[in-house]
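Undergrad: As they're listed, the protein sequences go chains A and B. Quick note: my numbering has the first sequence finishing at residue 706, numbered continuously throughout. Quick note: my numbering has the second sequence finishing at residue 706, numbered continuously throughout.
If you're looking for bench data, these hints aren't it; they were derived computationally from the structure. Do not rely on the hints blindly, as some may be mistaken.
As the list claims (entries may be wrong) - 30 Å max Cα-Cα, derived BS3-like pairs, lysine-lysine:
#1 A/Lys568 x B/Lys603
#2 A/Lys526 x B/Lys568
#3 B/Lys353 x A/Lys576
#4 B/Lys365 x A/Lys568
#5 B/Lys496 x A/Lys601
#6 B/Lys271 x A/Lys568
#7 A/Lys492 x B/Lys277
#8 A/Lys595 x B/Lys568
#9 A/Lys603 x B/Lys526
#10 A/Lys603 x B/Lys576
#11 B/Lys568 x A/Lys289
#12 B/Lys601 x A/Lys601
#13 B/Lys492 x A/Lys496
#14 A/Lys496 x B/Lys496
#15 B/Lys568 x A/Lys568
#16 A/Lys492 x B/Lys603
#17 B/Lys568 x A/Lys616
#18 B/Lys595 x A/Lys568
#19 A/Lys568 x B/Lys526
#20 B/Lys603 x A/Lys526
#21 A/Lys568 x B/Lys576
#22 B/Lys568 x A/Lys496
#23 B/Lys496 x A/Lys576
#24 A/Lys568 x B/Lys591
#25 B/Lys492 x B/Lys595
#26 A/Lys568 x B/Lys634
#27 B/Lys568 x A/Lys601
#28 B/Lys588 x A/Lys568
#29 A/Lys603 x B/Lys492
#30 B/Lys601 x A/Lys526
#31 B/Lys591 x A/Lys496
#32 B/Lys603 x A/Lys603
#33 B/Lys568 x A/Lys591
#34 B/Lys496 x A/Lys603
#35 B/Lys568 x A/Lys588
#36 A/Lys568 x B/Lys353
#37 B/Lys332 x A/Lys568
#38 A/Lys603 x B/Lys568
#39 B/Lys290 x A/Lys568
#40 B/Lys289 x A/Lys576
In this text the structure is predicted, and so the values were computed from the model without any measurement.
Number of protein chains: 2
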Amino acid sequence: MTLEDVLLQVESGTDKALETLKEYCRFPTISAHKKAQPETAAFVRRLLAENGFEAREYPTEGGPNVVFGQMMVDERKPTLLMYQHYDVQPVDPLNEWKRDPFDPTIQDGKFWGRGCGDTKGNLIMQLLAVQAWRAVEGRPPINLKFVVEGEEEVGSPHFASFVHANKEILKADGATIEGGDHLHEGTPKIELGCKGILYVEMVSRTASVDQHSSYAAIAPNPAWRLIHALMTLRDAKGRIKVPGWYEDARRPTARELRFLKSSLFSSQALKGFWGVSEFIGGDNDFELLRRLIYSPTCTICGFVSGYIEQGTKTVNPAVAKAKIDFRLVPNMKQEKQLAKLREHLKTKGFGDIELMPAAEKLESAAISPSARVVKAAIKGSIDAYGREPEVWPWSIGASAHGFFNEVVGVPSISGPGVSYDGSNFHAPNENIRLTDFVGGSKHMAAMFARM
Amino acid sequence: MTLEDVLLQVESGTDKALETLKEYCRFPTISAHKKAQPETAAFVRRLLAENGFEAREYPTEGGPNVVFGQMMVDERKPTLLMYQHYDVQPVDPLNEWKRDPFDPTIQDGKFWGRGCGDTKGNLIMQLLAVQAWRAVEGRPPINLKFVVEGEEEVGSPHFASFVHANKEILKADGATIEGGDHLHEGTPKIELGCKGILYVEMVSRTASVDQHSSYAAIAPNPAWRLIHALMTLRDAKGRIKVPGWYEDARRPTARELRFLKSSLFSSQALKGFWGVSEFIGGDNDFELLRRLIYSPTCTICGFVSGYIEQGTKTVNPAVAKAKIDFRLVPNMKQEKQLAKLREHLKTKGFGDIELMPAAEKLESAAISPSARVVKAAIKGSIDAYGREPEVWPWSIGASAHGFFNEVVGVPSISGPGVSYDGSNFHAPNENIRLTDFVGGSKHMAAMFARM
Numbered sequence: 256m257t258l259e260d261v262l263l264q265v266e267s268g269t270d271k272a273l274e275t276l277k278e279y280c281r282f283p284t285i286s287a288h289k290k291a292q293p294e295t296a297a298f299v300r301r302l303l304a305e306n307g308f309e310a311r312e313y314p315t316e317g318g319p320n321v322v323f324g325q326m327m328v329d330e331r332k333p334t335l336l337m338y339q340h341y342d343v344q345p346v347d348p349l350n351e352w353k354r355d356p357f358d359p360t361i362q363d364g365k366f367w368g369r370g371c372g373d374t375k376g377n378l379i380m381q382l383l384a385v386q387a388w389r390a391v392e393g394r395p396p397i398n399l400k401f402v403v404e405g406e407e408e409v410g411s412p413h414f415a416s417f418v419h420a421n422k423e424i425l426k427a428d429g430a431t432i433e434g435g436d437h438l439h440e441g442t443p444k445i446e447l448g449c450k451g452i453l454y455v456e457m458v459s460r461t462a463s464v465d466q467h468s469s470y471a472a473i474a475p476n477p478a479w480r481l482i483h484a485l486m487t488l489r490d491a492k493g494r495i496k497v498p499g500w501y502e503d504a505r506r507p508t509a510r511e512l513r514f515l516k517s518s519l520f521s522s523q524a525l526k527g528f529w530g531v532s533e534f535i536g537g538d539n540d541f542e543l544l545r546r547l548i549y550s551p552t553c554t555i556c557g558f559v560s561g562y563i564e565q566g567t568k569t570v571n572p573a574v575a576k577a578k579i580d581f582r583l584v585p586n587m588k589q590e591k592q593l594a595k596l597r598e599h600l601k602t603k604g605f606g607d608i609e610l611m612p613a614a615e616k617l618e619s620a621a622i623s624p625s626a627r628v629v630k631a632a633i634k635g636s637i638d639a640y641g642r643e644p645e646v647w648p649w650s651i652g653a654s655a656h657g658f659f660n661e662v663v664g665v666p667s668i669s670g671p672g673v674s675y676d677g678s679n680f681h682a683p684n685e686n687i688r689l690t691d692f693v694g695g696s697k698h699m700a701a702m703f704a705r706m
Numbered sequence: 256m257t258l259e260d261v262l263l264q265v266e267s268g269t270d271k272a273l274e275t276l277k278e279y280c281r282f283p284t285i286s287a288h289k290k291a292q293p294e295t296a297a298f299v300r301r302l303l304a305e306n307g308f309e310a311r312e313y314p315t316e317g318g319p320n321v322v323f324g325q326m327m328v329d330e331r332k333p334t335l336l337m338y339q340h341y342d343v344q345p346v347d348p349l350n351e352w353k354r355d356p357f358d359p360t361i362q363d364g365k366f367w368g369r370g371c372g373d374t375k376g377n378l379i380m381q382l383l384a385v386q387a388w389r390a391v392e393g394r395p396p397i398n399l400k401f402v403v404e405g406e407e408e409v410g411s412p413h414f415a416s417f418v419h420a421n422k423e424i425l426k427a428d429g430a431t432i433e434g435g436d437h438l439h440e441g442t443p444k445i446e447l448g449c450k451g452i453l454y455v456e457m458v459s460r461t462a463s464v465d466q467h468s469s470y471a472a473i474a475p476n477p478a479w480r481l482i483h484a485l486m487t488l489r490d491a492k493g494r495i496k497v498p499g500w501y502e503d504a505r506r507p508t509a510r511e512l513r514f515l516k517s518s519l520f521s522s523q524a525l526k527g528f529w530g531v532s533e534f535i536g537g538d539n540d541f542e543l544l545r546r547l548i549y550s551p552t553c554t555i556c557g558f559v560s561g562y563i564e565q566g567t568k569t570v571n572p573a574v575a576k577a578k579i580d581f582r583l584v585p586n587m588k589q590e591k592q593l594a595k596l597r598e599h600l601k602t603k604g605f606g607d608i609e610l611m612p613a614a615e616k617l618e619s620a621a622i623s624p625s626a627r628v629v630k631a632a633i634k635g636s637i638d639a640y641g642r643e644p645e646v647w648p649w650s651i652g653a654s655a656h657g658f659f660n661e662v663v664g665v666p667s668i669s670g671p672g673v674s675y676d677g678s679n680f681h682a683p684n685e686n687i688r689l690t691d692f693v694g695g696s697k698h699m700a701a702m703f704a705r706m
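The shape of chain A in the complex, shown without the other chains (with noise of 0.2 Å):
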């Protein structure tokens, strides 16, 4: 009964682990500010190192060092390799913050930090699994590797270059990118991919300078303008209206809907949290995740024009911006979209309008319900949660399972990680719970046993 004594084992290591949580989450690495890359990563290779890993630092042209490790116990034996990041998000506004968000604390059952669920807590509750698996048996069940960057919270600007000059020593059997979260009653996440992204900014400028808005009888204006070539992009149901847009766009499969059916998804919690009255797609929660999970979408995230303050600004302004989000399912690729979007603008008549993508480079990416780590990532929920996990076909927000899907072809999962529904990533007051803590790495010491 090796596995049950290894999960004991975790539990028993816990307040260790998160002794050394709380070292990790100390190093004030905001990525944004490019604080404190170089002391996190030598911190986060010297871990690796303590334990059992052959461990280097991979400099970047211009960017972080990306900490590398491997344990190879057996070539026989199948590899899995872990994706983290030791950056976090900015930390303000600081006075939301009931705590000092580098000086972390465990009240209420909970750890509080900035990075604690996104992703330092990641990283330290797998190697609790490791040191589980070593204390018990000597090493793990099978080769392990890390790699851990530092600028994902800045959309991972160098870790492309990275992945593709490096292809051979993060081949693997799977990978398990990031965290994930539970839901709130408990229930473990996975996700098998993410959708990709492709933000653009789009500017139309019709002359240099504002003219008062009396002229607007023969002036042109840049706001109706963009809001026209926009109109060509979408109906209000929210159909992208490219021609193509969907041509590449992967469809459900029966075993796919079939996890979505036992989704334990709620719209209606959703509409309490956001004040939202009507959904797009109706009230019919299956719809809705299908919705949510399958089509692509073409946001306005941003749109600025003219005066914005307060009171009145006889104004016809000569710029308007719009910032543009397109999520893309498996199979759209960015580059592709690009050229079809530009395509269509100029069609349409509006080749004026300046079409600026963002350098996010995060694509979409799914792999089969059979794979591998899909299978040992199920068992393993069973092991260390007595039931079976949530499944996403992939993850609704964009991740890194492209780099590593893709171009490695390495087939990646997400979750459950340490985190939960309320963690607040991104926000004040971080957090996760212990018990999630304990859950996702017995989850991971299972997984580890059923890959």
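Here the structure of chain A is known, so what remains is to put chain B in place on it, guided by the hints.
TA: Below, chain B alone, put in the same frame as chain A:
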């Protein structure tokens, strides 16, 4: 040859008048900051009294005093009413001023200082005409009234109630409103009324908080909703689609079109100044001018939703706001047009979009080119400048004409006043040309004789 003597007398009195203008412009009467209003009102009252007017201040409820002065020379003679305001616009950005805005200077044939054009210079220029008549003839040839308010630059929120309560004292055979201006090469310009303005804020709120944009497949988006609502208001060529919008709009008369045919309006100059490559309505100057004057407009002065700073944020916003400026041509009234707009949005299914009209009460107004005050202004132009003025049926901007034409029943014109098209109203380095100050005063002196 009395008028000739009076015009010469204007020239002799100019230096002293400019000294008075300096005194007047030293008051930092910024109504947006409620600055120096009582002392400036008192200065204006004293000035009127010193020039032979019966003058007093009228308190307004919650606003600054309105100054009213009259000089009744003969009840059988016509009466001219002159409207000015003693307040000015804020001066920021201060670092763009070449001189202290409230320490007026004469240099390069120009008078520099905040308010010299809009409209402190006009009051002093008009008083110079009165002084010239008094010096030559002992009194002006007609009855004169001045009404000078202190809140024009913040939309005259208390002037309407003053006008309604004091219609009797404001009665006259004609009125001049603020200044107006000269074209760059010196041609004087007059306008026989003004457009009105209906300024509304439209707000779409689809949730109580922003959502992560990964939920956009099911979460409503207020920017998209507002855009769909806006698209029902106006077509790409600027035509307003609200049913019955144009019903009341005054159409051009043959006489008005003759004025426009002889206009010196040049769209080429505007294009260069604004950096606009193409105007709505083509390149024919006469057609563009007709459009400018007779077309009601629907302009997006401002639009804001979601994240508008540098870089990307993946957010599905909760709120979108647009500031819309409807310019109304004579006969169209704010309240009626607003009711049509409300009804239209409701009918189109956008009853959820909040519609908030600004407090601005400036209505459209137009008078007949046959009115006594118009004839006097045209004849006065020949006397003062040796040529006919450029005549526009009305101003494309909104002004106080409605208060006089519609409420009191006094036909009113604007122009040419003391300024020119480079006077930088509301901007840094406000200035007037001394030649226009003299020309404007001679024009007023001649108008007195021609009424």
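Undergrad: Evaluate each hint against the coordinates.
TA: For each hint, the structure was consulted:
no. : hint                : in the structure
1   : A/Lys568 x B/Lys603 : holds, 28 Å
2   : A/Lys526 x B/Lys568 : holds, 22 Å
3   : B/Lys353 x A/Lys576 : violated, 33 Å
4   : B/Lys365 x A/Lys568 : holds, 29 Å
5   : B/Lys496 x A/Lys601 : holds, 27 Å
6   : B/Lys271 x A/Lys568 : violated, 37 Å
7   : A/Lys492 x B/Lys277 : violated, 63 Å
8   : A/Lys595 x B/Lys568 : holds, 23 Å
9   : A/Lys603 x B/Lys526 : holds, 25 Å
10  : A/Lys603 x B/Lys576 : holds, 27 Å
11  : B/Lys568 x A/Lys289 : holds, 19 Å
12  : B/Lys601 x A/Lys601 : violated, 34 Å
13  : B/Lys492 x A/Lys496 : holds, 23 Å
14  : A/Lys496 x B/Lys496 : holds, 24 Å
15  : B/Lys568 x A/Lys568 : holds, 28 Å
16  : A/Lys492 x B/Lys603 : holds, 16 Å
17  : B/Lys568 x A/Lys616 : holds, 15 Å
18  : B/Lys595 x A/Lys568 : holds, 23 Å
19  : A/Lys568 x B/Lys526 : holds, 22 Å
20  : B/Lys603 x A/Lys526 : holds, 26 Å
21  : A/Lys568 x B/Lys576 : holds, 14 Å
22  : B/Lys568 x A/Lys496 : holds, 24 Å
23  : B/Lys496 x A/Lys576 : holds, 25 Å
24  : A/Lys568 x B/Lys591 : holds, 22 Å
25  : B/Lys492 x B/Lys595 : holds, 21 Å
26  : A/Lys568 x B/Lys634 : violated, 37 Å
27  : B/Lys568 x A/Lys601 : holds, 26 Å
28  : B/Lys588 x A/Lys568 : holds, 20 Å
29  : A/Lys603 x B/Lys492 : holds, 16 Å
30  : B/Lys601 x A/Lys526 : holds, 25 Å
31  : B/Lys591 x A/Lys496 : violated, 38 Å
32  : B/Lys603 x A/Lys603 : holds, 26 Å
33  : B/Lys568 x A/Lys591 : holds, 22 Å
34  : B/Lys496 x A/Lys603 : holds, 22 Å
35  : B/Lys568 x A/Lys588 : holds, 20 Å
36  : A/Lys568 x B/Lys353 : holds, 25 Å
37  : B/Lys332 x A/Lys568 : violated, 42 Å
38  : A/Lys603 x B/Lys568 : holds, 28 Å
39  : B/Lys290 x A/Lys568 : holds, 21 Å
40  : B/Lys289 x A/Lys576 : violated, 35 Å
Hints 3, 6, 7, 12, 26, 31, 37 and 40 from the list above are not met by this structure, while the remaining hints are.
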